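Peer 1: Start from the sequences, fold in the hints, and give me the full structure.
The residues making up each chain are set out below.
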Amino acid sequence: MVKKTVEGSFAIAEAIKNCEPDVVACYPITSSSHIAEGLAQFYADGEIKEYIRTEQEFSSISAIVGASAAGSRAVSATSSQGLALMHEVVYAAAGMRVPIVMAIGNRALSAPLNIWDDWQDSIAERDSGWIQIYCENAQEAIDTAPQAFKIAEKVMLPVMFCIDGFYITHSVETFEVPGMEEIRKFLPKFNPKLKLDPKNPVSLGVYAMPTHYQMFREDVHRDAAASLKVVKQVHDQYGKTFGRTYGDGLVEGYKLKDARFILVSMASVCGNIKEAVDALRQKGMKVGLLRIRSYRPFPYGQVAKALAKAKAVAVLEKSYNLGGKHPLYSDVIGSFVDEKKRPVISSIVGGLGGKDVTVRDCEGMLKKLAKGKHFEVWW
Amino acid sequence: MIEVRFHGRGGQGAVTAAELLAVGAAESGNYVQSFPFFGVERRGAPVQAFCRISDKEIRIHQNVYTPDYIVVLDSTLLQAVDVSAGLKKGGVAVVNTNKQVKIKGAEATYCVDATGIARKHLGKPIVNTAMLGAFAAVTGLVKIDALEKAIRHRFEGELGEKNVAAIRECYEVLKK
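Those protein sequences? They're chains A and P, same order as listed. Just so it is clear: in the first sequence, position 10 is 9 by numbering that gives the first Met the number 0, and no numbers are missing. Just so it is clear: in the second sequence, position 162 is 161 by numbering that gives the first Met the number 0, and no numbers are missing.
Since the hints were made in silico from the structure, they are not lab data. Computed from a predicted structure; not experimentally measured. C-beta: ideal position from N, C-alpha, C; glycine also. Careful, some of the hints might be misleading.
[To be verified] Simulated pairs of lysine-lysine, DSBU-like, Cα-Cα distance not exceeding 35 Å:
(1) P:Lys-55 <-> A:Lys-231
(2) P:Lys-175 <-> A:Lys-354
(3) A:Lys-2 <-> P:Lys-148
(4) P:Lys-174 <-> P:Lys-161
(5) P:Lys-55 <-> A:Lys-285
(6) P:Lys-87 <-> P:Lys-175
(7) A:Lys-3 <-> A:Lys-354
(8) A:Lys-3 <-> P:Lys-161
(9) P:Lys-101 <-> A:Lys-354
(10) P:Lys-55 <-> P:Lys-101
(11) A:Lys-3 <-> P:Lys-142
(12) P:Lys-101 <-> A:Lys-2
(13) A:Lys-2 <-> A:Lys-239
(14) P:Lys-174 <-> A:Lys-2
(15) P:Lys-161 <-> A:Lys-2
(16) P:Lys-175 <-> A:Lys-184
(17) P:Lys-87 <-> A:Lys-3
(18) A:Lys-153 <-> A:Lys-231
(19) A:Lys-254 <-> P:Lys-55
(20) A:Lys-339 <-> A:Lys-366
(21) P:Lys-55 <-> A:Lys-2
(22) A:Lys-153 <-> A:Lys-304
(23) P:Lys-174 <-> P:Lys-148
(24) A:Lys-372 <-> A:Lys-308
(25) A:Lys-184 <-> A:Lys-198
(26) A:Lys-308 <-> P:Lys-55
(27) P:Lys-87 <-> A:Lys-254
[What the hints assert, rightly or not] So the derived label-pair ranges between C-beta atoms look like this:
(28) A:Arg-216 <-> P:Ala-44: 46 to 54 Å
(29) A:Arg-243 <-> P:Ala-107: 38 to 46 Å
(30) A:His-373 <-> P:Gln-99: 52 to 60 Å
(31) P:Ala-44 <-> A:Arg-221: 50 to 58 Å
[What the hints assert, rightly or not] Now the stretches of chain P that chain A is said to cover, found in silico as 3 or more residues with beta-carbon under 8 Å:
(32) 24–32
(33) 61–69
Peer 2: Here's what the structure looks like:
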């Protein structure tokens with residue numbers, strides 16, 4: 000593995016390329032444009048077999064669904080309105096059980112128009128049956144790309160791995176990108192049992208009467224929930240092969256051992272929270288962080304266990320449920336439905352549309368939650 | 000951890016400068032992070048780019064609010080933007096100007112006519128690489144050889160050599 004100082008998006012594109020996709024289909028959109036550009040460059044250099052330049056995102060995802068159904072390893076990258084435009088086919092991909100992979104550069108949804116980071120684009124696809132992994136930094140995304148293909152092809156469900164737009168997509172840092180030969184040992188060739196083949200005709204996702212439709216959805220639900228085990232196994236296996244792990248693959252605890260006050264969040268802001276935790280620990284405050292890596296399937300049991308001894312918890316999310324309880328907050332609350340006791344759990348929405356959530360902000364959040372009282376705020 | 004903020008105008012290459020600084024500083028085994036503040040991406044509009052250099056892993060991802068160094072690629076920004084906002088106590092400014100200016104709040108201000116030097120070597124007033132030479136001379140945070148390597152990697156052939164000549168001259172001017 001060679002260390003390189005490059006922009007996160009280009010390193011992620013290289014990691015995807017090294018997974019040897021048969022088909023890439025993209026329509027570039029900020030903030031994931033450079034992932035698409037990187038993949039296009041690899042195609043131009045003859046290192047990717049097929050790159051379809053589509054006229055918009057609905058076509059990108061349609062193309063990779065078709066390619067995957069025909070037995071190809073297929074991938075795309077998108078953001079924000081691009082993902083929203085894919086919405087119809089996002090659900091179809093999960094229902095058809097095609098193991099496609101997408102890299103999502105997270106970005107706000109219109110209106111008003113905004114090109115900066117938050118998670119609402121991917122959170123809006125939460126209920127679709129896709130597996131969603133949120134990465135703290137580009138190195139984690141590089142390491143997650145091969146895992147995403149492996150998980151998808153084991154469970155036969157699509158996977159999106161998500162990174163914060165600009166903060167991660169556009170940061171130049173030093174990364175290790177595993178090579179093609181190394182990845183080959185970890186990620187076997189895609190060879191589905193069932194595929195579109197003129198010699199052995201089948202149909203996928205065509206039509207289901209009321210007698211059967213719900214069964215299909217129930218199947219996806221059961222397999223998606225059960226895929227927690229696979230997400231963890233594949234992560235652990237990757238760790239053994241490449242030496243880098245991210246918590247237990249589902250959640251990552253930071254200074255949780257004796258923590259009484261815990262901030263729960265996802266993605267790149269967790270780096271800032273770790274700094275804030277360290278700063279407040281120096282002042283004697285027993286604070287910690289729980290980072291959710293696998294958002295779908297959601298590790299309810301692991302979350303309840305990690306937070307069981309806390310006095311108070313706050314959930315910081317760059318996502319929202321306007322007029323309702325916010326998504327990550329609801330999931331954390333939901334983790335305690337079978338528990339007799341639970342900590343005070345508060346809700347913070349922040350960082351929408353690129354609003355910077357700084358280390359100082361995170362310190363403020365930890366101090367507020369350490370008062371032990373329930374609150375629901377926009378920071 | 001050292002934080003550097005570049006001020007330029009869209010098209011002057013502030014983002015590339017921050018990136019080349021990161022690549023150059025990584026050569027000596029530093030942890031680095033550079034990134035742009037994307038705003039209105041118009042040619043001529045004030046832009047910022049950031050670079051962090053550290054001997055420890057850099058975990059934070061946020062804008063640079065309290066830089067140790069500011070690098071100003073265009074002196075007309077001095078009237079338009081508060082370039083020294085948040086500059087740390089003891090902070091240093093490096094400014095492209097053919098006059099002698101003093102940045103308020105900076106412990107020291109180093110001035111260099113990077114536009115003149117860039118015109119001489121590149122035939123164009125694109126000063127981003129030249130200013131990195133000035134930065135290297137003033138701060139010692141990055142080796143001039145490492146910057147030259149990063150530049151040759153980024154700009155192939157003759158263009159790379161012209162940029163290297165510009166950066167070298169800026170470096171020599173401020174080393175004196």
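Peer 1: Now look at each hint and say whether the structure bears it out.
Peer 2: Against the structure, the hints:
1. Distance hint between Lys-55 of chain P and Lys-231 of chain A is fulfilled; the C-alpha atoms sit about 29 Å from each other, no more than 35 Å.
2. Pair hint Lys-175 of chain P plus Lys-354 of chain A does not hold up; C-alpha atoms about 43 Å apart against a cutoff of 35 Å.
3. At most 35 Å may separate the alpha-carbon atoms for a hinted pair to count; Lys-2 of chain A and Lys-148 of chain P meet this at roughly 16 Å.
4. Between Lys-174 of chain P and Lys-161 of chain P the CA atoms are separated by roughly 20 Å; this keeps the pair inside 35 Å, and the hint holds.
5. This hinted pair checks out: Lys-55 of chain P and Lys-285 of chain A have alpha carbons roughly 24 Å apart, not beyond 35 Å.
6. A C-alpha spacing of about 26 Å is found between Lys-87 of chain P and Lys-175 of chain P, which places the hinted pair at or below 35 Å, so the restraint holds.
7. Between Lys-3 of chain A and Lys-354 of chain A the alpha-carbon distance is near 29 Å, which keeps this suggested pair within the 35 Å criterion.
8. The hinted pair formed by Lys-3 of chain A and Lys-161 of chain P meets the criterion: a straight-line CA distance of about 25 Å does not exceed 35 Å.
9. Between the alpha carbons of Lys-101 of chain P and Lys-354 of chain A the distance comes to roughly 33 Å, so the proposed pair stays at or under 35 Å and holds.
10. For the hint linking Lys-55 of chain P to Lys-101 of chain P, the alpha-carbon distance of about 33 Å falls within 35 Å, and the restraint holds.
11. For the hint pairing Lys-3 of chain A with Lys-142 of chain P, the CA-to-CA distance comes to about 18 Å; that is within 35 Å, so the pair holds.
12. Between Lys-101 of chain P and Lys-2 of chain A the alpha-carbon distance is near 40 Å, which puts this suggested pair outside the 35 Å criterion.
13. Our distance criterion of 35 Å between C-alpha atoms is met by Lys-2 of chain A and Lys-239 of chain A, whose separation comes to about 19 Å.
14. Annotation: proposed proximity of Lys-174 of chain P to Lys-2 of chain A holds, straight-line Cα distance about 32 Å (limit 35 Å).
15. A distance of roughly 28 Å separates the Cα atoms of Lys-161 of chain P and Lys-2 of chain A; the hinted pair therefore holds under the 35 Å criterion.
16. With a C-alpha separation of about 56 Å, the suggested pairing of Lys-175 of chain P with Lys-184 of chain A is violated against the 35 Å cut-off.
17. Between Lys-87 of chain P and Lys-3 of chain A the alpha-carbon distance is near 30 Å, which keeps this suggested pair within the 35 Å criterion.
18. Of the supplied pair hints, the one linking Lys-153 of chain A and Lys-231 of chain A holds, its CA atoms being roughly 13 Å apart against a limit of 35 Å.
19. For the hint linking Lys-254 of chain A to Lys-55 of chain P, the alpha-carbon distance of about 19 Å falls within 35 Å, and the restraint holds.
20. A threshold of 35 Å between alpha carbons decides the hint, and for Lys-339 of chain A with Lys-366 of chain A the separation of about 27 Å falls inside it, so the pair holds.
21. A C-alpha spacing of about 16 Å is found between Lys-55 of chain P and Lys-2 of chain A, which places the hinted pair at or below 35 Å, so the restraint holds.
22. Under the criterion of a C-alpha separation no larger than 35 Å, the hint pairing Lys-153 of chain A with Lys-304 of chain A is consistent with the structure, at around 27 Å.
23. Only pairs whose Cα atoms come within 35 Å are accepted, and Lys-174 of chain P paired with Lys-148 of chain P is accepted, the gap being roughly 20 Å.
24. Taking the CA atoms of Lys-372 of chain A and Lys-308 of chain A, the gap is near 16 Å; set against the 35 Å cutoff, the hint holds.
25. For the hint linking Lys-184 of chain A to Lys-198 of chain A, the alpha-carbon distance of about 31 Å falls within 35 Å, and the restraint holds.
26. Between the alpha carbons of Lys-308 of chain A and Lys-55 of chain P the distance comes to roughly 31 Å, so the proposed pair stays at or under 35 Å and holds.
27. With a C-alpha separation of about 30 Å, the suggested pairing of Lys-87 of chain P with Lys-254 of chain A holds against the 35 Å cut-off.
28. At roughly 49 Å, the beta-carbon separation of Arg-216 of chain A and Ala-44 of chain P lies within the given 46 to 54 Å, and the hint holds.
29. Range check, Arg-243 of chain A to Ala-107 of chain P: about 42 Å between beta-carbon atoms, so the 38 to 46 Å window is met.
30. Checked against the given bound of 52 to 60 Å, the beta carbons of His-373 of chain A and Gln-99 of chain P, roughly 59 Å apart, stay inside it.
31. At roughly 53 Å, the beta carbons of Ala-44 of chain P and Arg-221 of chain A sit within the given window of 50 to 58 Å.
32. Counting residues of the region 24–32 of chain P whose C-beta lies closer than 8 Å to any C-beta of chain A gives 4; at least three are required, and the coverage claim holds.
33. A stretch counts as covered by a chain when three or more of its residues have a beta carbon under 8 Å from one of that chain; for the region 61–69 of chain P and chain A the count is 3, and the coverage holds.
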